[in-house]
Structures are given as C-alpha cells and as structure tokens.
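*Asks:* Fit chains B, C and D to the given chain A structure using the hints.
In case you want the letters, here they are:
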Amino acid sequence: MKFSAASLFANALSGHKKWPEQFPNKEPKSRYDVVIVGAGGHGLGAAYYLAKKHGITNVAVIEKGWLGGGNTGRNTTIIRSNYLFDESAALYDHAVDLWDGLSQELNYNIMFSKRGVLMLAHNVHDVQSFTRHVHANRLNGVDNKWLTPEECKDFCPPLDISQNRRYPVMGGALQMRAGTARHDSVAWGYARAASKLGVDIIQNCAVTGIRRAPSGEVTGVETQKGFIGAGKIGVSAAGNTSVIMEMAGIRMPLESFPLQALVSEPIKPVFPCVVMSNAVHAYISQSDKGELVLGAGTDQYTSYSQRGALHISEHNISAICEIFPIFRRQRMLRSWGGVVDVTHDRSPILGKTPVPGLYVNCGWGTGGFKATPGAADMLAHTIAHDSPHRINAPYTLQRFATGRLIDEAAAAAVEH
Amino acid sequence: MSAFRKPGRGAVNTAVSVNFTFDGKKYTGVKGDTLASALIANGVHLMGRSFKYHRPRGPVGAGSEEPNALVVVDRGTGRESVNLRATSVEIFDGMVARSQNSFPNLKFDIGAFNNTFSLFFPAGFYNKTFMWPKSFWDKVYEPFIRNMAGLGPAPTAVDPDSYASSYGHCEVLIVGGGPAGIAAALQAAKSGERVILVDERVKIGGSLIDAPNCEIDGKPAADWLAAAVKTLGKAANVTVMNRTTAIGYYHDNFVALNQRLTDHIANPKDGAPREETHRIRAGKVILAQGAIERPLVFNGNDVPGVMLAGAGQTFLNRYGVAVGHEVAVFTSHDSAYQAAFDLADANIRIPVIIDVRDDIRADLRAEAERRGIDIAAGQVVSKTSGKLRITGLEIYDPQSGAKRTVKCDALLMSGGWTPSLHLWSHSKGGIKWDADMAAYVPDVANENAVCAGACNGDFGIAAALTGGNKAAGGRKSYSVTERDFGTGVTLDSLPNYIKDTKQKAFVDFQNDVTEKDIKLAVREGFKSIEHVKRYTTNGMATDQGKTSNLNALQIASKAVDKPVEKVGLTTFRPPYTPTTFAALIGHCEGKLFDVKRVTPIDPWARERGAVYEPVGNWMRARYFPQEGEDMHAAVRRECVATRESLGIFDASTLGKIEVVGPDAAKFMNLIYSNPWSSLKVGGCRYGLMLNEAGFIYDDGVVGRMAEDRFHVTTTTGGAPRVFRHMEDYLQTEFTDLDVWLTSATEQWSVIALNGPNARKLIEPFVDGIDLSPESFGHMQVRTGKICGVETRLFRVSFSGELGFEINVPSHFGRAVWETLFEAGQPYDITPYGTETMHVLRAEKGFIIVGQDTDGTVTPHDAGLSWAVSKKKKDFVGRRSLKRSDLVAQGRKQLVGLLPEDDSVLLEEGAQIVADPNQALPMTMLGHVTSSYYSDALGRPIAMALVADGFNLNDQTLYVPMPGKTHAVKVTGTAFYDPKGERLNVV
Amino acid sequence: MLFNQAIEIDESLNDDVMRLSLSGERVRYSLRLKPADVAAAKKSSGLKLPAKIGGTSIAAGQTILCLGPQEWLIVALPKSREKLAGTMAKLSADYICSAVEVSHRNLQFTVTGPGAARALNAACPLDLSVDAFPVGKGTRTIFEGAPIVLWRTAEHEFTVEVWRSFAPYLRDFLAKTAKDRHMA
Amino acid sequence: MMLIHCPYCEEKRPEIEFAYAGEAHIHRPVKDADDMTDEEWSHFMFLRDNKRGDHAERWWHANGCNMFFNAVRNTVTDKFLVTYKMGELPPKASASNAKLPAAKKTGGAK
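First to last, the protein sequences are chains A, B, C and D. Take the first sequence: its position 217, counted from the start at 1, is 217 in our numbering, and no numbers get skipped. Take the second sequence: its position 764, counted from the start at 1, is 764 in our numbering, and no numbers get skipped. Take the third sequence: its position 150, counted from the start at 1, is 150 in our numbering, and no numbers get skipped. Take the fourth sequence: its position 3, counted from the start at 1, is 3 in our numbering, and no numbers get skipped.
What the hints contain is simulated information worked out from the structure, not anything from laboratory work. Just so you know, these numbers come straight off a predicted model, no measurement behind them. Note that the Cβ used here is the ideal one computed from N, Cα and C, for glycine as well. Accuracy of the hints is not assured; some may be wrong.
Unchecked claim - With beta-carbon atoms standing in for the labels, derived distance ranges:
(1) C:Thr110 <-> B:Ala227: 56 to 66 angstroms
(2) B:Glu790 <-> C:Ala60: 52 to 62 angstroms
(3) B:Gly972 <-> A:Ala393: 31 to 41 angstroms
What the hints assert, rightly or not - Straight-line distance between alpha carbons at most 27 angstroms, and here's what the computed DSSO-like set of lysine-lysine pairs gives:
(4) A:Lys18 <-> B:Lys504
(5) B:Lys680 <-> C:Lys34
(6) A:Lys52 <-> B:Lys134
(7) A:Lys18 <-> B:Lys979
(8) C:Lys90 <-> B:Lys666
(9) B:Lys785 <-> C:Lys79
(10) B:Lys870 <-> B:Lys666
(11) B:Lys562 <-> A:Lys225
(12) A:Lys18 <-> B:Lys499
(13) D:Lys31 <-> B:Lys870
(14) A:Lys18 <-> B:Lys760
(15) B:Lys591 <-> C:Lys48
(16) B:Lys428 <-> B:Lys680
(17) C:Lys83 <-> B:Lys785
(18) B:Lys432 <-> A:Lys64
(19) B:Lys680 <-> C:Lys90
(20) D:Lys31 <-> B:Lys882
(21) B:Lys562 <-> A:Lys17
(22) B:Lys387 <-> A:Lys268
(23) B:Lys979 <-> B:Lys760
(24) B:Lys284 <-> C:Lys137
(25) B:Lys566 <-> A:Lys26
(26) D:Lys79 <-> B:Lys284
(27) D:Lys31 <-> B:Lys284
(28) A:Lys153 <-> B:Lys591
(29) A:Lys145 <-> B:Lys134
(30) B:Lys190 <-> A:Lys64
(31) B:Lys558 <-> A:Lys18
So that you can see chain A by itself, here it is in the shape it has in the complex (with noise of 0.2 angstroms):
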C-alpha cells in the first residue's frame, strides 16, 4: 500500500485495519544470493539498492536483535559533508544527494530536514582548520561558508557570543544543506521499501559462524536459525563487526567504544539549527518532538555494555551550557549508549576483504548516521560488482598496511 495523504484518509475511515505489515519478518530460506548481516539503516539500505540498482532479490538481511535497534536508533542523527578531504567529501555528499528525496524515492517520510549545521571556533587554530575546511568545500562543490560571532548569533539566537566567555566563540562554520533525519523511519523505510522488492528480513537471528569453502570463498553464515547459504556476505554490523569478521578469521583495525546521548525534555521550538563545538566536545540540535538533543564524545574504554559513565553525560550538558547557557534549567529526560567502532583514522572501511564473497562496511566512529545512504549504496555497488566504486575504492582494509589514510581527525590537528 502506498502511503499518501490520500491513504492515510482512506485507512482512517477503515478504522487503520488495513494497513499491511511494513516488513514482514521472514524464517531464513536455505541460501541467499547476498546475506547482509546486520539490520541497522546501513544494511538495510544496501539490501534496498541490491534489489533496486542492481537487481539481485534473493537476499536476506540477517539480525541478531530487532531492526534498527543498533546505532541507528541510538544516535543524534546529524547529517552533514563539509569534509576535509576529497575522499571523505565524495562520500558523505554523495549521502547527502540521496537523503535529499529519500522520502520520496522509500515513499516513506524520514524527516530530512535541511536545518542547517553550525560548527563553532573557540580560538585560533579552530579558525584556521575551519576556514581551510571552507576553501576545500567551496572547491569541491560542497556548501559551507564561514559565519562571524554575530553572523552564527543570528543563525542560531540561543548561541552565547560574548567574549568573556571561557570559550569565546570566533565563528563558525555552515553548512545549509545539512541537517537531521528521524533515524527509526530511515531503518523502517528502508526495510518496507527493501521488503517490498523481495528482501527477506530476518530478525532475532544472531550469527555465529561464517561458512568457507576448502578454496576459501565464503559459502553461508551459521546463525541461531540453523545454517544459510550464501553467495556473497556483507557485513555492516557497527560496533560487532569485529566479533562478526573474527568468524571468518579476520582481525580488524577496529576498536569499539561506547557512545552517549542525551535528550531534555520536550520544549517549545527555540533552537533552529545542529551546533557543533569540537573544543568543548558538544553538539546540539531540537528534534521535532522539542527535545534538545545533546551527544558528546566516546567513553574512553572498550566496550559493547551499551552503558556509558555519568561523568560523560555531565561533561556533555556541561559544555552545552557553557555555549547555550539559557539551558541551563532545562532538565536531561533520558540518556542512553551505544557501540561504536573506530578505526586509527576514524574513517570507514567499506568494501573488499582477503576473503573472497566477503564485504565489509565498518568503522563509522560517531558519524555513521549521516552516511547511511550513501555507505548502503557503495556496499550494494561492491557487493553487485565485487568491486569498488570509485566513491568507496579509497575505503579499504589496504589502506592501514600502505599508510594512505583518510585521516580528518589528524588534519583537524590539535592545539599547538
């Protein structure tokens, strides 16, 4: 059925009983073309593209809990692609060219909102690298333009610009084209528009082996449910990869942390934009529910409890604070983690492994939300191909043993 206005209506006056099932949660047929694992945004869209772009449908996306329930559900939802470098630019607009009319490619409203993301100099060297991060858009075709104090004050009026602040703001940097998204639709959406073209999603179905064949090619993954064959397997299970790659005898430069966020409780609209700060590690933005939602940095240990420590969430509203200190009475309503995994230079690893038949997108860090689209069509494109797209090719596993790393974070550097 076709979500519309119009059927919204038509279902009201049948008393809502006639809506079908959005993702019909499917028992495990005995082989697969492609078996993504994991069921999160990422692998669910990228089972949608293998089905759409290139026309493989036997394909199941596999769960080891409920859909969308990993990082998807648990992150601030940030969309952004004022990125430094070439490579990362190419990817994340690319994701943003797709979020930009996902709604209505799914036929289901994910709330792209185009809000605008500000992100804040504290001093000079902040100055610098956002301004180099300004020339290198502006070239590369990416929106982003360099706001002063009062400009950013306008932009965004909760903001305090005055100067004797510990962390005076020096400007900032726009992006107009960036914004949030309701992340739950993103992983529903996907799922009904991947279900409807054949996709089985299966939930509830952790795996616990990958199949090799003698010549090494992967031949299906063990799961709770019994056995599954597999042509191809792509793994894009966030900060479980590890354990997943481990199965098929690949360690990983990864690294998997727990990731905190917070939301007040739901206020009036007051606050128009995201607002990031990477001195005071702190980034804002109102949901349309009229929550403040807040995030923070990573704790600083390992871990998959998806329990973070109360220090971190202080620190969090701390630094909020510090920048919006008119929320100060607001009232922290519910805080929760997730799982994180990191690579060295904290961008993705997305595309071919030493095993043959075995794909692997991984490696998000912080950031993974707003690469949903774009990660789940470059996987899809890998899988269908077995081969890169030039978007993704500098993605790989090679890059840690050459060196050629997209490293963000060190071009951002740190305070000399």
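*Replies:* Positioned in the frame of chain A, the structure of chains B, C and D alone reads:
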C-alpha cells in the same frame, strides 16, 4: 476550608494557609500540599493538555509517576521551571504556577483540533505523509509539526540560580523511604557503617503515610513511623535525605542523587544552591523503590477526575484531600478496595466499585457492604462522560449486555501494580517475568545490590518491613496487622460493546498513545516492544512510561500472540525523573567550567592590555595593542621592534619535561627521530618527535644539562600528551632503561628575548655565565644567575635574531621580567605576543607543529628530513616512515608561497590549484598553512602544503578565492636571512 | 627579589567549618630511585622515605610522600633548602636516581575544619572519611579539572599541592563550596 | 564511573584518575621491523582483537601512581576480572586467561 479538604486527615498542616496562583487565578492551599493536592482541594482537576491531541487532563497519579499534570512554576526571570509534575511540586506562599501546551487557555485550547481529527493521526502517521510536494517538508509541514509539539515554553533568559555537586561514600545506600527502606535503614544503622537513605518526597514513610491503616508491632503505623524517624535521626552513621531522587545507577555502585534544596522555599537566599547532585559510591545498594500502580485501559480513561486508586488514597491520607464527592472505583485488583474503604471512611461517597472479576474476596465484599458500597462484579466501564471533568460513567456487563450509568465526579482505577525496576535495570540487574503478578520482578543482581519490598514483588507492609530488614542483613520478623494487599488479574483488553474504532482507551496518557495505536503498530510489523515503543512513542514521554509500559507490553503481547517475556521489556534509562541540566553540571560552570591556566607573568600582560588567545588550557597574550591599533598594526610594530632592537616574549607555557637517568640519552634517541648521543653537555638541539605512525607529533628545543639530564621542551598544547607518550613507551616498551621523567613546565618561567640588543640587555644582570659569542654560541645552554636568581639560560632563537630564553623559577618570573623590561627601555624593548612570534618564525621558515603540519605530515613532507636519523636502529615512528604511501612521490610538502600581487595577504586555509579555470570539483594541490605580512621583507609571505611542492619551485600556482583568484609563486620557506647571519650579532 | 605567588584567598569565606589557606614558600624535590637502592639510599641520606605508595612521613619542616613505585615528593621549609640540595646532590652522585627540583611548580593549600573533607569532595572523588583516608595518607589524585597531591595531617586538616597555574581554579572551586554553605 | 584496582597502589580508585591505553600484550617488533612487509607491520600498528568478552588491556593511573598496568575486563559487563603489573602475565588464578592472547616478551604495548 474548601469542600474537598478533609480536616484531621493527612500529614499536612491545615492551620497554615498557603496562597498561590494557577493560570492567574488565586487559590489557597495548606502547608504540606503539593500543587496537585491544593488544586484538587479547590475542586480543580484540569491541570494540563496532552502532547499530541491536546486533550484536557488532570492528575492520574499522586507522585513522580504522574504523566498528565505538567505545569510551569515561574519564579521570575530565568527561573521558569517547565514540565513540572503538579503532584511533586510543593506549594509555597506566593507561588505562581501555570498550565502549559495550551492556547489560548487550558479550558479552550485550539490545539485540541488535533483531537477532533485524531483518526488521521494514528501512530506513525508522519511516516506516511507530509512528503509532497518535496519542498513543503522544510517550509510548511515541519515547522507546523514543531510548533504543535514541545511541551513547556522555551527559556528566554539564563537561570541565575546556583547549583552544587559533590562526591559521597557510604557502605549502604537505600533508595526509597517506604516501610522497606526504613526497615533496611534501621537494621543497617546497627552496624555503625555509613548509611544513606534517600526519598524523593518531603518526608520518609511511603505507604505508611499514603495508606496508614495498619499496626506495626502493636503500634499504629503513624506512631511506629515517628519512632523510626526519630531513631534514624539520632543515629550518627545514618543520613536521611529527603527531596532526593536517585536518578541513575552506574558502574560499580555509583549512584547519582538529585537533591532539591530551595524549590519549596518561598524566599530562598539569593545564591543558595537550588539543587545538588550527589554522586554516591556505595558498598551495597538496597533498592526499595516500591511499585507503581497501573491504570486500566478503557474507553474514556483520560478524562480529568479519572485517576489511580492509590493516588486517590494518597491525596486523602497524605494531603487530607478528597478527589471528589462521589468517587467511583474501577479495578481488577484487590488493593483498590483499600482506597475505596479509606475514602468511604472519610465520608466520601463511593457509588460503586466496578470489578472486572466475577469472584470478589469475601472479606472485601463484606467490608464494602458494611459501608454501603455497591459492587459491580464481572463488569466494566464502557465509557465516561464529561470533557473537562468526569461527570459520570457507563457500566457494561459483558455477559448480559446490560448497561447502566452512574454519576460521579471522580473515578479511581487500578489495573494492579508494577514493581519499580528502574534503578535495578540501570545497574544491569536481571529481571524475570512473574506470571501471577503479571509483572517483571528482579532476578540476578549485577552489582552488590538487592531489592526489598514492593519493587521486589513483595507487597504489603509486613512483607516490606521484613524484606527491608533482611536486605540489610537482619532476621527480624515484624508483627503487622493490615488488610491483605491481595491480588488481581490482568486483562489484555477490556470487553466493550462500542466499536473499537470509536473508543479512546489511553495507555500512555502524556503521549496520547491508545490501545489502537499499539495494535496498529503490531499490525504494521512492529513486533518487538522496542519497535512498538518507537513507532507509537509509548513510554517516551517525560514520565518515561512509568504508568504505561506494562500495559503497552501486555497489549502488544496479545496482539503479537506471544508470551510477554518473548516480547521483551524496553530498557529503563537514566534519569529516573527528569533532572535539571545545571544540577548535573553542579559547580562546573562559568570559571569552573574548565581550568584556565595563566603564567606568573600574565598579570603584567593583563595590566598592559594584552589581547589573549586560548591555547589548550592556557590563555596566552596574542598581541599588545597600543592606542588605536588593530591586531595587524600591533603585530607589525612588535615585529619591527624585535628585528631592529629588542622584543620580550613570555614563553612560560611551553611544556617542560626533565629527563634524568644514566640512560637518558638512550631514551631520547628512542623517543625522538634525531640523534642525541652526540649532544654535549651545555648544548641544545631541536628535537623532532614522531608518533608510531611516522607523522610529526611534537617538537621543541632540548638542552643537555648533564650527561644524565635533559631539559626537554614541548609545544604549549602538546605537553600533556607528550608526557603520556613518553611514559607509555618508557613503562611498556623501553622498560630496561634507567631513566625517569618529571614534569617541570611550571617550575620555570621562560622569558624570551629576541633582537640584536638581547645580549646587551642581559649582560649586566647575569652572573656566572660568560655570554660572549665565543663562549656561549647559538644553541647552547648555561646555568648561572640572572637578577640574582638561579637560571637555565638558553641561547636559542625562534625569530632568527639573537635570542635568549631565560628560565627562572616561576615565583621569580614576573620580577625578572619587570627588571629586564625596565632595563630595556633604552632599547625600546617591546613586549610581543604569540601572533608576532608566529610572524617572526614564519619569516625564517620555522614550522609550528599543528599549524604548518597536521597529523598527516611526515618529517620529509615538512622539509625536516635532516632531523631523522638514518643510523638509529629504532625510534618511535621509524618503521612506519618506510611504508609505501609515506615514501610515495607527490606527497604534500611544505613550501613557501609569494603572492604575485604584493598587496594580497592569502587566507590561512585557502586551497591551492594548478588550473584555476577548471570546473568543480577542482583538483586541489594543497592549502595555505601560514600567511602573514612581513615588514622585514616588505611583502606578504605564506607557507603551504602542496602536492609535490619540492619539485614546483618557482612555478606559478593559484589560490581561487570567492570572486578573485590569486597567483602565487612557489619558493623555499626560508624567506628571511636564509644564512642565519643575524644570529651572529656581537 | 620579590617572591610572587600571586594567589589571594578570600578570608571572608573562612569560618570554623572550613578554612582555606595558602602556605608560604616551600622547597620541593621529586625523587626517584631504583628498588634495589632504596634501603641504602634511605640510610645514607637520612630521608625517611615511606615504602608504600600512599605513605607519608611528616616531620617538622619536612614532609615526604610516596606517590608511586619508588617515587617520592619531598616538601620542606625554605630553611632546609641548602641541606636538601646537598642531600639530593649526594644521592645523585651515589645512586642511579632522578632528583628534580620542583619547588616552584606547586603551590600548597591547607584545608582545615570539620567541613574540610566535604569541601574537597565537591571535586575529589576519593572517600575522604578518616577510616578510608586516615591521617598520614597521601596521594596524587584529581580535583575535577586539576591534578592534585593530597594528604591528611589531622582528622580535620588536609594539605593540597597543585601545579601553580591550577591554583586559582582550586581556590575558586573551594570558594564556591564555602559560599554555598554560607547561603544554604 | 568504574572503580579500578590499581596493582601498584593496591586499592580501588575511581576511573577518572585513570586513562585507558588500549589493548595489552601487543608485541612491538623492533629487530625484525625492517624485514616486515607493510602489511605485517600494519598488524602491529592497527589490528586489534576488540574482544566482546574478556579483554586484555592497559590502563594508566595518570592521576595516581603514574603507572601503566594491565587488566582483563569483560567488555560486555565492564567488570574487571583482574589487574596486574606491566611485564606480568595475567595471573593463573584468572578463570579467563585461557582465552587471552599469549603475552610476548615483557609487557608489550602500543
């Protein structure tokens, strides 16, 4: 006294009136009232509007579980507290409270048109529409949705209140001051160990206050409670914290408490902390959080006046308030009879108890009869009447089909009880489904924690007391006379003759989630409880589903046709109740947000009007503007003065590490890329430090003070990470070396003197050091005295001029600086800041790590191949430097750039291309890292990282800027005095 | 020559519950030895080097804290300057060790009164009850944003050493707790 | 905030005194580094077990005794099974050490 106040009832002081306003109207309550109890005492139940449909709502609960009655308390500018639960807000004289989420007012709210069309806004409606035309999402639909959403008003001013935070420790932390918690505390108190008992309400007592109709050890509950409070108050090892909520339970028994200190006080002292966050590390945690009553999910269950049975009982017993004059009861659990009886005994008419069960316990039936209460067994409420307040209800007998109406002005409901597992769940304690109770109860603990009383599934006062005592290690059995708490049934949905499409049976009141919404979610494939929650938003309101989660779970379970335990339970997430941001920040705001480090010389710079820049934790003087000067003018003046005569600069922030031990040189060889064995005592050397990946990590001048002692300097921001990097390798890789590291950054103040007159200035002040160029050459260090103070005197230059860095013990820094500054007047000595320092070094082509390099630059890229030893067998980063990409041709390399147009100052960060006329995306060769106007050279200069830059010398490249492209010529980086002759001034 | 610590204490916040004061000039050394040399070095230097991490030896005019394995912080009154310098020089000559003077790196506060532990616990996460942190215990620890060295000299008396530039932060933090207490 | 038993201080101290320092017992090749391929070298540099379960790791008691030490912590529960000094192998008493990677040389780090 209002008609709803019951004198002689409740733990309030009716002798003391408290005046307040709600939505501008004046009301009077009594001391001890909450806003909800005071309003109800005035006959007001309508206190809020729901989130989605803006339906009129009154309190459902009587405590922190309340989903409906959310209000604003306005204490003046910046002191507007929103989304407060009226059931938890203590009134004080002069309180100004308002309703929220309604316009123009609570009784008539335009937003309620959502309710009229609620049929079109089922769960997940927003996923299905608002997609066409595409541009309408950003411009029309979303702004509209946002304006409709949100609850309380947004802040308009900064909260001026103070907040506090602290760490605390105890052996036993008890959460919840009901009978279980009190019994636990009494027992734990005997051990002499530190015991903390916290309770979110005004006073401890819990159900002993809410339902006091029992005797403990032969004493009335109130007397027993008073004695217990006294005992605990006298015990020196026990701390009882009221108005304190345990908001989160973290690793290793780390529990966060939020204590409210002034919200209940009419005129708190200005500056008194409003709230304090106590972060408690407990040896053992006893959770006695009690249980939360479950609403019944029936058509019309959200009209103001419909509330939980226990809430009705609490309003009576705790606050002395009748929730109505004619109060009907609808239940599936025995406990609601206690509420009915308590109300009846207070002369409130109970027209009927509607019980979904056919068989009613004989004693309850008898007691009801004795009070003349009609019981409608095996029947249900099929609808309610009244919009802003319940006026009556319809009873439906599903067996006979008979219907009848009953008038009432309040309806108490009970669907049973849900043990509060919030903190237990935060602690990652296991839970198990108890089918009899139809609730989850605690299973295996993950921390040293134990649940007692109702939160452990042990209902009734006796069970709570005994359980609490046992949890604290006791074996006491209490003798309690009480009514049997009883049992109940849970129905997945209540029978009704009305078509379910015509029903409005709410599960989550605040978020307006109905039974239909949950069934719709399941129908659409959202079969995990987490999916149901997210699709319907059930349990995601500000009460986090305290009253709704279990009902939603059971409805979903039925719809999925799986046992509840297979459908799961949504995760409880901290905080237990919404917690003020500023309380979580505690002291760490304003100047305590982050350490601000300044040098001993800083006050002098501040007096001189220096402009500062933050660098790491430090504040450094950036330039010293004189009257009418902007940064450029000041910097040009400072540069010229330094090159022509003498400049003075505070370099104290440079990191300093003393490396001492017989293997010091060996260690230096391993940690730096250049060699150290050959450096003689009294010599200095530029040190280049790489990370293991082979990229430049830090740099600085190092002096060899003795065979076994190096004075290492680091960049200002780099000091902490360099120290860690060194300790890490020393302790885990180079473990056989006899060498130790001592941070000495703040032992020394560093005064950098640069300029041809530098030596002349210091000569009269220096003792014990021969300053002659022959004896004390460039890149040498000596110890002696200056101005009578011990010094480590470095002859080094970051400017290309004759230079000294005078290290003196910190407490003498300012005095030495002032002495030299005074004596420097004949040389027009000029203080300069970091900006001038940057220009001077750029003229010489010296790099700033972090500006001209980033974490992707190798020594070779930066033109520092000379600082990488070819002979050493090992140093950090050595092997990685040989990786294929690090030795590849065409890497970005540091070069000089001269704009062809002398009037152009390139922008730092600007990108460089070979062909400015290409289409986007352009192929970029690199970027400008440093750019300044150089007076010494009479032109702008720049440094840049450019692909294959070393092979592009003399070539013309382009810097495309908005509206204009600048042509630049590639050069070397040593712009000024490339042979270094200026160092040799005598 | 002016000896300038440049930190002022707001005396008006001090009372019988909690009193913050800044100590005067001190001579400080950070001393490291090899494990095998400790006994001999103790004997020859006469320094009462506590053996266990967390241990202190507090004598008139000189306190020695064991902060880490074979790591000691020696804090002495200025009158001991020459003597201590001599001791350090001799140790350096006789043993494989590291003796670094850090007299000016730190400033020293004392926090006294029955409210001292509670005030310090505003920012220090350690259990400062006298059972858990008895008189004579000393350690390096954290005071929110500032690393400190903390030792207890009496039930209601603590000494805090902090790097010089962190001192205003520590002072301001304790001042905030005092103000809160006065207001509450 | 976790409590961590420092094997040098011999007491439990709060996490904020410590800095996490990555997986433990990773051998840093020195002698044979030049003979290694880039690929082999990258194993030392970047490949990590990232274990879901008992994980050998290093911590630095930065605001305490200043010592680096080893620990085995379960990354699902975040509970420490044991902490031990640099250069030591996980104590035999640890129920989990069968699963640990064999420690090479003393310590082993980066």
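*Asks:* Look at each hint and say if it fits the structure.
*Replies:* Structure-based check of each hint:
no.: 1; hint: C:Thr110 <-> B:Ala227: 56 to 66 angstroms; result: 43 angstroms, violated
no.: 2; hint: B:Glu790 <-> C:Ala60: 52 to 62 angstroms; result: 26 angstroms, violated
no.: 3; hint: B:Gly972 <-> A:Ala393: 31 to 41 angstroms; result: 35 angstroms, holds
no.: 4; hint: A:Lys18 <-> B:Lys504; result: 19 angstroms, holds
no.: 5; hint: B:Lys680 <-> C:Lys34; result: 26 angstroms, holds
no.: 6; hint: A:Lys52 <-> B:Lys134; result: 21 angstroms, holds
no.: 7; hint: A:Lys18 <-> B:Lys979; result: 85 angstroms, violated
no.: 8; hint: C:Lys90 <-> B:Lys666; result: 24 angstroms, holds
no.: 9; hint: B:Lys785 <-> C:Lys79; result: 20 angstroms, holds
no.: 10; hint: B:Lys870 <-> B:Lys666; result: 16 angstroms, holds
no.: 11; hint: B:Lys562 <-> A:Lys225; result: 18 angstroms, holds
no.: 12; hint: A:Lys18 <-> B:Lys499; result: 16 angstroms, holds
no.: 13; hint: D:Lys31 <-> B:Lys870; result: 16 angstroms, holds
no.: 14; hint: A:Lys18 <-> B:Lys760; result: 94 angstroms, violated
no.: 15; hint: B:Lys591 <-> C:Lys48; result: 40 angstroms, violated
no.: 16; hint: B:Lys428 <-> B:Lys680; result: 60 angstroms, violated
no.: 17; hint: C:Lys83 <-> B:Lys785; result: 20 angstroms, holds
no.: 18; hint: B:Lys432 <-> A:Lys64; result: 21 angstroms, holds
no.: 19; hint: B:Lys680 <-> C:Lys90; result: 23 angstroms, holds
no.: 20; hint: D:Lys31 <-> B:Lys882; result: 15 angstroms, holds
no.: 21; hint: B:Lys562 <-> A:Lys17; result: 20 angstroms, holds
no.: 22; hint: B:Lys387 <-> A:Lys268; result: 26 angstroms, holds
no.: 23; hint: B:Lys979 <-> B:Lys760; result: 23 angstroms, holds
no.: 24; hint: B:Lys284 <-> C:Lys137; result: 25 angstroms, holds
no.: 25; hint: B:Lys566 <-> A:Lys26; result: 17 angstroms, holds
no.: 26; hint: D:Lys79 <-> B:Lys284; result: 16 angstroms, holds
no.: 27; hint: D:Lys31 <-> B:Lys284; result: 51 angstroms, violated
no.: 28; hint: A:Lys153 <-> B:Lys591; result: 22 angstroms, holds
no.: 29; hint: A:Lys145 <-> B:Lys134; result: 25 angstroms, holds
no.: 30; hint: B:Lys190 <-> A:Lys64; result: 49 angstroms, violated
no.: 31; hint: B:Lys558 <-> A:Lys18; result: 19 angstroms, holds
Checked against the numbered hints above, the structure violates hints 1, 2, 7, 14, 15, 16, 27 and 30; every other hint is satisfied.
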